[in-house]
Amino acid sequence: MTNWLMSLIVNNHFGVLTRVTGLFSRRGYNIASLSVGETNLSGMSRVTIETQAGGAEIHQIIKQLEKLEDVKSVALLPRTETIARELLIIKLIVTAARRDALTDALSVYDVKIPYEEEGRLILEFTGNPAECEALLKLMDGYTVLELCRTGITAMSAVNLK
Amino acid sequence: MRLTGAQILIRTLIEQGVDTVFGYPGGTVINIFDALGESEIKLIMPSHEQGGAHAADGYARVSGKPGVVIATSGPGATNLVTGIANAYMDSVPLVAITGNVVRRLMGRDSFQEVDICGVTMPVTKHNFLVQNISELAATVKEAFTIAVSGRPGPVLVDIPKDITAELFDYVPAGRYKVRETPMSAQSKLYLAADMISKSKRPLIYGGGGIVSGNACEQLTAFAERGNIPVAASLMGLTALPSAHPLMLGMIGMHGTPVSNFAGKNCDLLISVAARFSDRVAGDRKRFAPNARLIHIDIDPAEFDKNVVCDLHIRGGASEALDELTKLIPENKDTGWINEIELFRRENPMPEAVGGEKVNPRELLRLLRALTDDDAILVTDVGQHQMWAAQYFPFTQPRTFITSGGLGAMGFGMGAAIGAKAANPDKQVILLTGDGSFHMNLTELATSVTSNLPITVIILNNGVLGMVRQWQHLFFGSRYVSTTTGRKTDFVKLAEAFGAAGFAANTAQEAAEALKIALSSNRTSVIDCSADPDEMVFPMIPSGKSGDDIIYGAEVD
Ligand SMILES: Cc1ncc(C[n+]2csc(CCOP(=O)(O)OP(=O)(O)O)c2C)c(N)n1
Ligand SMILES: [Mg+2]
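So the protein lines, in turn, are chains A and B. Numbering-wise, numbering that gives the first Met the number 0 puts 76 at position 77 of the first sequence, and it's gapless, one number per residue. Numbering-wise, numbering that gives the first Met the number 0 puts 150 at position 151 of the second sequence, and it's gapless, one number per residue.
No lab work stands behind these hints: they were computed from the structure. Remember, predicted model here, so these are calculated numbers, not experimental data. Incorrect hints may have been included.
Derived, one-sided and incomplete: chain B residues facing chain A with beta-carbon distance under 8 Å [what the hints assert, rightly or not]:
no., residue
1, V118
2, M120
3, H125
4, R397
Yeah, the Cβ is synthetic: ideal placement off N, Cα and C, and Gly gets one too.
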């Protein structure tokens, strides 16, 4: 099993996401993360899916996706030269005593704190999947009240050249 | 010109070349039926929407044109689902049109509201909910385009009732055009030709796409030039006449001994428009274990889905076979063919052994003798279906209509009616089982009323024979729910529907009844009393390979 990132261009219709996710569940493929949004192409959306699959299975997934009428293109993103980002928003409890330690620990990350009150705060972070995982690991030592992840959105830099 | 949505729909159907539709009325399609009534389209009303969907499917299989079925919202639409799924599994071009509630009532659990697009998403190539009358004509045309292009399949168009009543400027959308599938690069064909010319023991595994892709002549030319025997899937059985020396018959679970022998011993397997289903390649790892594999298919998603192949060629069967025939040398080597012939002679299919009642194997031979060459044989699902596949000598493409991928009991009545509607001049015979016939026998009314006479032969073993066979072989003969004990009098039943009924206790009586039925031009039902203990052999148990064939079993 390997982790894959793929990028789909789909018609921006109602029901398209159901078609895509329905195909995954119907055929027993797994979705580790998914994000959707509009693009610069009018009437088109981009769906970024992270999936775990064997080498043969990933080809099946791509070909099955390509059969959907609403899917215009499917691209596997290269492992390097891909800009992959995820946004995390985390609400946690931090006692006054540990507040400074937290600031220290977070200093290596470009974390924002858009909201804070007595003993509670919200962190906001955008980074690549590895950074997000590392930040989440760091949160193990704190009481997390709520956590949001957007799922990965990504773009290949290969065609820049 | 200002027309209602319903009128635009019907005009667009006519532009797509539709001359026959199967439809059942209801509240949300009442405008559509109103427009149908004033059009030249022939409207055939089934007893149940499922029958209508199977009829449209049978119509499409026989004619090669997309079949059209229309149903009302809610229960009308859900009744289509088995028929749509059946067409999906067997890659049959079908356009299903459903009414839905008016737009302002949608999403409120209104009377007879069902999200049929949601329901049919997994069993259609695509489906549409028409949301604006301006999209209607283009959507209907696109539905036909999708249904027939590439690997064919069903498409559903759901139309809210208010759109069918709304007025709009009618602009002809024009006839659909098949979207061509680009072929794989020529270099792949050279590679394939090279593999074929080097092979000493090649085998073609032919599927339904040869028949639906009108590639039977190309298959014959290719097989004959390369002197390559052909084993067919259930769907591919009419690709080559059964009597052709290179035809080995069906391969897989209930395949002929010689087909499975060839599958096991070939050194090259060329799959043409087939999909290595689990009924063919029960054990995916041990299918054609000694062979390199070439897979030719119009749908690249079939490549390596079930069985991993060495070379993939994307393309329609007819183009691919045409090209390959040009590239391969004429093969005069008879070693492999002789070996196969010897095996075939020493390992024939089980023979009909008398018995008191109508012997199924004998019945199928009789049927061939008494019917025209171009007669269309439709089946239901069960033992009778497998015996038809094994023993009926096929002569022409598109003359064997059966539910392959879905294995839907109840398919036969509707499909036979559809086949007859597509070909009123040909004999249409439905071979059904007592279990299957009970599912949709109400379509007898359609056959009689719509003047589409078919001959129904019930192989009445009084049991759900195929399931009972599994219970016998694998469940210690614990016959739960398969000995039906029904008291249905099929002769009276036929008469009650306005059809002719016959009872036959021997093959001879069946033959007599068949002669009368075929010459009468009336819908006829022949109830053939058969032995419940008869079993379908050979059999490769589910999940097993050609090494595990069962040739017979004792009945206790
Ligand atoms: C709609 C549906 N329900 C259940 C089955 C499972 N099934 C497969 S064959 C069979 C028995 C069919 O009985 P009958 O039509 O009498 O045919 P026979 O096998 O006796 O020839 C059953 C129940 C099925 N294929 N389709
Ligand atoms: Mg039966």
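List, from low to high, the hint numbers that the structure doesn't satisfy. 1 and 4
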